[in-house]
Amino acid sequence: MLPRPAEVFTAAVRAAEGEVAELSPATRGLIWLSYAQADLLGATLAANPQIQWVQLPWAGVDAFSAVLAAQARPDLLWTSAKGAYAQPVAEHALALALALLRVLPTRARASSWSTVPEGRSLYGRSVVIIGAGGIALELIRLLEPFGARITVVRRSSRPVPGADRTVPTDALSEVLPEADLVIVAAALTEATRHLIGAVELALMRPEANLVNIARGPLVDTDALVAALAAGSIAGAALDVTDPEPLPDGHPLWSEPRCLITPHSADTPEMTAPLLAERIRLNVRAFLGDGRFVGVVDARIGY
1045 MLPRPAEVFT AAVRAAEGEV AELSPATRGL IWLSYAQADL LGATLAANPQ
1095 IQWVQLPWAG VDAFSAVLAA QARPDLLWTS AKGAYAQPVA EHALALALAL
1145 LRVLPTRARA SSWSTVPEGR SLYGRSVVII GAGGIALELI RLLEPFGARI
1195 TVVRRSSRPV PGADRTVPTD ALSEVLPEAD LVIVAAALTE ATRHLIGAVE
1245 LALMRPEANL VNIARGPLVD TDALVAALAA GSIAGAALDV TDPEPLPDGH
1295 PLWSEPRCLI TPHSADTPEM TAPLLAERIR LNVRAFLGDG RFVGVVDARI
1345 GY
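Numbering (the working numbering), first residue to last: 1045 to 1346.
Think of the hints as simulated: they come from the structure by calculation, not from any bench. On a predicted model such as this, the values are computed, not experimentally measured, just so you know. There could be a bad hint or two in this list.
To be verified - Derived Cβ-Cβ restraints for the label pairs, each shown as a range:
no.	residue 1	residue 2	range
1	R1164	A1246	17 to 23 Å
2	R1202	P1317	27 to 33 Å
3	S1068	S1200	41 to 47 Å
4	I1344	T1159	38 to 44 Å
5	A1215	D1341	18 to 24 Å
6	D1333	R1199	24 to 30 Å
7	A1270	R1199	26 to 32 Å
8	G1275	T1305	21 to 27 Å
9	P1212	A1242	18 to 24 Å
10	P1189	D1214	28 to 34 Å
11	R1146	E1061	46 to 52 Å
C-beta atoms are modelled at their ideal positions from N, C-alpha and C, and glycine is treated no differently.
Working from the sequences, and respecting the hints, build out all of it.
Next comes the structure, spelled out in C-alpha coordinates:
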(Lines of atoms letter the chains of each structure in order from A and count residues from 1; the text may use other names and numbers.)
(Lines give C-alpha, C1' and ligand atoms only; values in the text may rest on other atoms or scores of the structure.)
Protein backbone atom coordinates (compact mmCIF):
# COMPACT_ATOMS: atom_id res chain seq x y z
CA MET A 1 0.00 0.00 0.00
CA LEU A 2 1.28 3.46 -0.89
CA PRO A 3 1.73 5.93 1.98
CA ARG A 4 -0.91 8.66 2.24
CA PRO A 5 0.15 12.13 0.97
CA ALA A 6 0.08 13.63 4.47
CA GLU A 7 2.54 10.99 5.63
CA VAL A 8 4.79 11.65 2.64
CA PHE A 9 4.85 15.39 3.33
CA THR A 10 5.42 14.91 7.06
CA ALA A 11 8.33 12.59 6.30
CA ALA A 12 9.76 15.21 3.92
CA VAL A 13 9.74 17.86 6.66
CA ARG A 14 11.41 15.54 9.12
CA ALA A 15 13.98 14.44 6.54
CA ALA A 16 15.08 18.07 6.38
CA GLU A 17 15.29 18.14 10.21
CA GLY A 18 12.15 20.22 10.49
CA GLU A 19 9.34 19.81 12.98
CA VAL A 20 5.65 19.37 12.11
CA ALA A 21 3.53 21.18 14.69
CA GLU A 22 0.14 22.80 15.18
CA LEU A 23 -0.12 26.45 14.19
CA SER A 24 0.97 28.65 17.09
CA PRO A 25 2.78 31.94 17.83
CA ALA A 26 6.01 29.96 17.45
CA THR A 27 5.23 28.97 13.84
CA ARG A 28 7.65 30.49 11.32
CA GLY A 29 7.03 28.36 8.24
CA LEU A 30 3.71 27.28 6.72
CA ILE A 31 3.15 24.49 4.19
CA TRP A 32 -0.24 25.13 2.58
CA LEU A 33 -1.66 22.08 0.83
CA SER A 34 -5.13 23.33 -0.12
CA TYR A 35 -5.64 24.98 -3.50
CA ALA A 36 -9.25 25.91 -2.79
CA GLN A 37 -8.92 27.91 0.44
CA ALA A 38 -7.11 31.10 -0.53
CA ASP A 39 -9.29 33.21 1.79
CA LEU A 40 -8.40 31.01 4.76
CA LEU A 41 -4.71 31.33 3.90
CA GLY A 42 -5.04 35.11 3.86
CA ALA A 43 -6.76 35.11 7.24
CA THR A 44 -4.15 32.73 8.66
CA LEU A 45 -1.28 34.97 7.58
CA ALA A 46 -3.03 38.11 8.83
CA ALA A 47 -3.42 36.49 12.23
CA ASN A 48 0.16 35.19 12.28
CA PRO A 49 2.53 37.94 11.16
CA GLN A 50 5.46 35.97 12.59
CA ILE A 51 5.29 33.55 9.63
CA GLN A 52 8.28 34.12 7.36
CA TRP A 53 7.85 31.45 4.67
CA VAL A 54 4.87 29.87 2.88
CA GLN A 55 5.07 26.83 0.59
CA LEU A 56 2.17 26.64 -1.89
CA PRO A 57 1.01 23.33 -3.39
CA TRP A 58 0.92 23.91 -7.15
CA ALA A 59 3.09 25.37 -9.87
CA GLY A 60 0.53 28.07 -10.72
CA VAL A 61 -0.30 30.54 -7.97
CA ASP A 62 -3.08 32.48 -9.73
CA ALA A 63 -5.66 31.27 -7.19
CA PHE A 64 -3.60 33.00 -4.47
CA SER A 65 -2.92 36.26 -6.34
CA ALA A 66 -5.09 38.36 -4.00
CA VAL A 67 -3.38 36.87 -0.93
CA LEU A 68 0.06 37.47 -2.42
CA ALA A 69 -0.82 41.12 -2.95
CA ALA A 70 -2.53 41.65 0.40
CA GLN A 71 0.18 39.93 2.45
CA ALA A 72 3.20 41.35 0.63
CA ARG A 73 5.92 42.25 3.13
CA PRO A 74 9.73 42.12 2.95
CA ASP A 75 10.07 39.39 5.57
CA LEU A 76 7.61 36.94 3.97
CA LEU A 77 8.96 34.53 1.33
CA TRP A 78 6.68 32.54 -0.95
CA THR A 79 7.61 29.34 -2.76
CA SER A 80 5.49 27.21 -5.05
CA ALA A 81 5.80 23.88 -6.82
CA LYS A 82 6.75 25.53 -10.12
CA GLY A 83 9.04 23.22 -11.99
CA ALA A 84 8.38 20.31 -9.63
CA TYR A 85 5.71 18.75 -11.84
CA ALA A 86 7.47 19.43 -15.12
CA GLN A 87 7.99 15.80 -16.09
CA PRO A 88 4.38 14.52 -15.96
CA VAL A 89 2.95 17.72 -17.46
CA ALA A 90 5.47 17.81 -20.31
CA GLU A 91 4.82 14.13 -20.95
CA HIS A 92 1.08 14.88 -21.20
CA ALA A 93 1.73 17.80 -23.55
CA LEU A 94 3.71 15.51 -25.84
CA ALA A 95 0.94 12.89 -25.73
CA LEU A 96 -1.67 15.51 -26.68
CA ALA A 97 0.52 16.87 -29.48
CA LEU A 98 1.04 13.42 -30.98
CA ALA A 99 -2.68 12.69 -30.66
CA LEU A 100 -3.54 15.79 -32.67
CA LEU A 101 -0.95 15.19 -35.35
CA ARG A 102 -2.08 11.58 -35.70
CA VAL A 103 -5.78 12.66 -35.83
CA LEU A 104 -6.63 10.53 -32.80
CA PRO A 105 -9.69 12.63 -31.78
CA THR A 106 -11.28 11.65 -35.10
CA ARG A 107 -10.10 8.05 -34.82
CA ALA A 108 -11.48 7.70 -31.29
CA ARG A 109 -14.92 8.89 -32.38
CA ALA A 110 -15.03 6.75 -35.53
CA SER A 111 -17.55 3.94 -35.87
CA SER A 112 -16.43 2.73 -39.31
CA TRP A 113 -13.18 2.16 -41.19
CA SER A 114 -11.78 5.35 -42.75
CA THR A 115 -9.98 5.41 -46.09
CA VAL A 116 -8.90 9.06 -45.72
CA PRO A 117 -5.07 9.22 -45.43
CA GLU A 118 -4.88 11.69 -42.55
CA GLY A 119 -2.09 12.25 -40.05
CA ARG A 120 1.24 14.03 -39.80
CA SER A 121 4.58 13.24 -38.19
CA LEU A 122 6.15 15.31 -35.43
CA TYR A 123 9.63 14.76 -36.85
CA GLY A 124 11.17 17.98 -38.13
CA ARG A 125 8.13 20.13 -37.31
CA SER A 126 8.20 23.75 -36.18
CA VAL A 127 7.10 23.94 -32.53
CA VAL A 128 6.35 27.17 -30.66
CA ILE A 129 6.37 26.83 -26.87
CA ILE A 130 4.88 29.75 -24.96
CA GLY A 131 6.57 29.91 -21.58
CA ALA A 132 10.09 29.13 -20.39
CA GLY A 133 9.58 27.43 -17.04
CA GLY A 134 10.24 23.86 -15.95
CA ILE A 135 7.52 22.39 -18.18
CA ALA A 136 8.95 24.10 -21.26
CA LEU A 137 12.48 22.93 -20.44
CA GLU A 138 11.36 19.34 -19.95
CA LEU A 139 9.29 19.48 -23.13
CA ILE A 140 12.31 20.69 -25.09
CA ARG A 141 14.19 17.65 -23.79
CA LEU A 142 11.37 15.31 -24.82
CA LEU A 143 11.18 16.85 -28.29
CA GLU A 144 14.89 16.46 -28.98
CA PRO A 145 14.64 12.99 -30.60
CA PHE A 146 12.07 14.35 -33.06
CA GLY A 147 14.43 16.95 -34.47
CA ALA A 148 11.77 19.62 -34.01
CA ARG A 149 12.64 23.25 -34.65
CA ILE A 150 11.77 24.88 -31.35
CA THR A 151 10.94 28.54 -30.74
CA VAL A 152 10.33 29.64 -27.16
CA VAL A 153 8.23 32.73 -26.44
CA ARG A 154 8.91 34.31 -23.05
CA ARG A 155 8.90 37.68 -21.27
CA SER A 156 12.47 38.35 -22.41
CA SER A 157 14.58 37.22 -25.33
CA ARG A 158 17.17 35.61 -23.04
CA PRO A 159 18.08 32.30 -24.74
CA VAL A 160 16.52 29.08 -23.44
CA PRO A 161 18.82 26.03 -23.49
CA GLY A 162 17.82 23.58 -26.22
CA ALA A 163 15.61 26.01 -28.12
CA ASP A 164 16.61 27.04 -31.63
CA ARG A 165 15.27 30.52 -31.00
CA THR A 166 13.93 32.56 -28.10
CA VAL A 167 11.76 35.62 -28.64
CA PRO A 168 9.93 38.03 -26.32
CA THR A 169 6.16 37.90 -25.94
CA ASP A 170 5.61 40.91 -28.17
CA ALA A 171 7.07 38.86 -31.05
CA LEU A 172 4.41 36.13 -30.68
CA SER A 173 2.58 37.36 -33.79
CA GLU A 174 5.77 36.94 -35.81
CA VAL A 175 6.32 33.27 -34.96
CA LEU A 176 2.76 31.92 -34.97
CA PRO A 177 2.39 31.86 -38.79
CA GLU A 178 5.31 29.44 -39.14
CA ALA A 179 4.31 27.01 -36.39
CA ASP A 180 3.06 23.48 -36.96
CA LEU A 181 2.40 23.13 -33.25
CA VAL A 182 1.80 25.76 -30.57
CA ILE A 183 2.08 24.61 -26.95
CA VAL A 184 0.92 26.95 -24.17
CA ALA A 185 2.98 26.44 -21.00
CA ALA A 186 2.99 29.95 -19.49
CA ALA A 187 1.90 31.24 -16.11
CA LEU A 188 -1.49 32.91 -15.86
CA THR A 189 -1.32 36.59 -14.91
CA GLU A 190 -3.39 39.59 -15.89
CA ALA A 191 -0.82 40.24 -18.61
CA THR A 192 -1.17 36.74 -20.10
CA ARG A 193 -4.95 36.31 -19.87
CA HIS A 194 -6.27 35.54 -23.39
CA LEU A 195 -2.74 35.54 -24.71
CA ILE A 196 -4.12 33.33 -27.46
CA GLY A 197 -7.22 35.07 -28.83
CA ALA A 198 -8.95 35.60 -32.15
CA VAL A 199 -6.04 37.59 -33.60
CA GLU A 200 -3.45 35.00 -32.65
CA LEU A 201 -5.56 32.06 -33.86
CA ALA A 202 -6.07 33.82 -37.19
CA LEU A 203 -2.28 34.04 -37.57
CA MET A 204 -1.89 30.27 -37.25
CA ARG A 205 -1.89 28.15 -40.39
CA PRO A 206 -4.83 25.81 -41.17
CA GLU A 207 -2.45 22.86 -40.63
CA ALA A 208 -1.34 24.05 -37.18
CA ASN A 209 -2.44 22.55 -33.86
CA LEU A 210 -2.78 24.15 -30.41
CA VAL A 211 -2.08 22.46 -27.07
CA ASN A 212 -2.81 24.10 -23.70
CA ILE A 213 -1.48 22.41 -20.56
CA ALA A 214 -1.05 25.57 -18.48
CA ARG A 215 -4.20 27.48 -17.46
CA GLY A 216 -7.52 27.73 -19.29
CA PRO A 217 -7.83 31.55 -19.42
CA LEU A 218 -4.57 31.83 -21.38
CA VAL A 219 -6.73 30.93 -24.38
CA ASP A 220 -9.91 32.82 -25.33
CA THR A 221 -12.44 29.97 -25.37
CA ASP A 222 -14.99 31.70 -27.60
CA ALA A 223 -12.29 32.54 -30.13
CA LEU A 224 -11.05 28.94 -30.08
CA VAL A 225 -14.56 27.57 -30.62
CA ALA A 226 -14.94 29.86 -33.64
CA ALA A 227 -11.52 28.96 -35.08
CA LEU A 228 -12.15 25.23 -34.79
CA ALA A 229 -15.64 25.49 -36.26
CA ALA A 230 -14.26 27.46 -39.22
CA GLY A 231 -11.37 25.05 -39.70
CA SER A 232 -8.86 27.89 -39.51
CA ILE A 233 -6.62 25.66 -37.36
CA ALA A 234 -6.29 21.89 -37.60
CA GLY A 235 -7.11 21.09 -34.00
CA ALA A 236 -6.73 21.81 -30.31
CA ALA A 237 -5.92 19.66 -27.28
CA LEU A 238 -6.77 21.08 -23.87
CA ASP A 239 -5.94 19.78 -20.43
CA VAL A 240 -7.24 23.06 -19.01
CA THR A 241 -10.29 25.08 -20.02
CA ASP A 242 -12.10 28.32 -19.32
CA PRO A 243 -14.50 27.80 -17.64
CA GLU A 244 -13.23 24.81 -15.70
CA PRO A 245 -14.72 22.28 -15.34
CA LEU A 246 -16.01 22.64 -18.88
CA PRO A 247 -19.83 22.44 -18.62
CA ASP A 248 -21.78 19.59 -20.17
CA GLY A 249 -23.07 20.63 -23.57
CA HIS A 250 -20.29 23.12 -24.25
CA PRO A 251 -19.47 23.31 -27.99
CA LEU A 252 -15.92 22.07 -27.42
CA TRP A 253 -17.22 18.67 -26.26
CA SER A 254 -18.78 18.01 -29.66
CA GLU A 255 -16.06 19.67 -31.74
CA PRO A 256 -14.40 16.84 -33.71
CA ARG A 257 -11.11 18.74 -33.94
CA CYS A 258 -10.81 19.12 -30.16
CA LEU A 259 -9.37 16.70 -27.60
CA ILE A 260 -10.05 17.44 -23.93
CA THR A 261 -8.56 15.87 -20.83
CA PRO A 262 -9.92 16.91 -17.40
CA HIS A 263 -6.91 18.77 -15.96
CA SER A 264 -5.19 15.42 -15.55
CA ALA A 265 -1.68 16.10 -16.85
CA ASP A 266 -0.55 15.28 -13.34
CA THR A 267 -2.43 13.23 -10.76
CA PRO A 268 -1.97 13.07 -6.98
CA GLU A 269 -0.10 9.80 -7.41
CA MET A 270 2.37 11.58 -9.72
CA THR A 271 2.67 14.84 -7.80
CA ALA A 272 2.82 13.73 -4.15
CA PRO A 273 6.44 12.51 -4.23
CA LEU A 274 7.47 15.51 -6.35
CA LEU A 275 5.87 18.00 -3.96
CA ALA A 276 7.39 16.12 -1.02
CA GLU A 277 10.85 16.61 -2.49
CA ARG A 278 10.14 20.31 -3.02
CA ILE A 279 9.03 20.57 0.61
CA ARG A 280 12.17 18.78 1.79
CA LEU A 281 14.44 21.11 -0.15
CA ASN A 282 12.67 24.24 1.04
CA VAL A 283 12.47 23.21 4.68
CA ARG A 284 16.22 22.63 4.52
CA ALA A 285 16.64 26.04 2.90
CA PHE A 286 14.47 27.70 5.54
CA LEU A 287 16.36 26.11 8.40
CA GLY A 288 19.83 26.55 6.99
CA ASP A 289 21.28 27.06 3.55
CA GLY A 290 18.74 29.54 2.11
CA ARG A 291 18.73 27.78 -1.29
CA PHE A 292 14.99 27.92 -1.87
CA VAL A 293 13.48 26.34 -4.99
CA GLY A 294 10.43 27.74 -6.76
CA VAL A 295 10.54 31.22 -5.25
CA VAL A 296 7.46 33.27 -6.23
CA ASP A 297 7.75 36.91 -7.21
CA ALA A 298 4.63 38.37 -5.62
CA ARG A 299 4.81 41.43 -7.87
CA ILE A 300 4.38 39.52 -11.13
CA GLY A 301 2.35 36.61 -9.75
CA TYR A 302 4.55 33.57 -10.41
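Okay, the hints, checked on the actual structure:
For R1164 and A1246, the Cβ-Cβ distance of about 21 Å falls inside the hinted range of 17 to 23 Å, so the restraint holds. Distance hint check: the CB atoms of R1202 and P1317 are about 31 Å apart, consistent with the given range 27 to 33 Å. Against the hinted window of 41 to 47 Å, the Cβ-Cβ separation of S1068 and S1200 comes to about 43 Å, which satisfies the hint. A hinted range of 38 to 44 Å is violated for the C-beta pair I1344 and T1159, which are about 52 Å apart.
Take A1215 and D1341: their Cβ atoms lie about 23 Å apart, and the range 18 to 24 Å holds. In this structure the supplied range 24 to 30 Å holds for D1333 paired with R1199, their Cβ-Cβ distance being about 28 Å. Here the CB-CB span from A1270 to R1199 is close to 28 Å, well matched to the stated 26 to 32 Å. At about 23 Å, the CB distance of G1275 to T1305 agrees with the hint of 21 to 27 Å.
The supplied range of 18 to 24 Å is met by P1212 and A1242, whose beta-carbon atoms lie about 22 Å from each other. Between P1189 and D1214 the beta carbon distance is about 32 Å. The supplied range of 28 to 34 Å therefore holds. R1146 and E1061 have their C-beta atoms about 49 Å apart, which keeps the hinted 46 to 52 Å range intact.
Figure legend: structure checked against the earlier numbered hints; the only hint not met is number 4.
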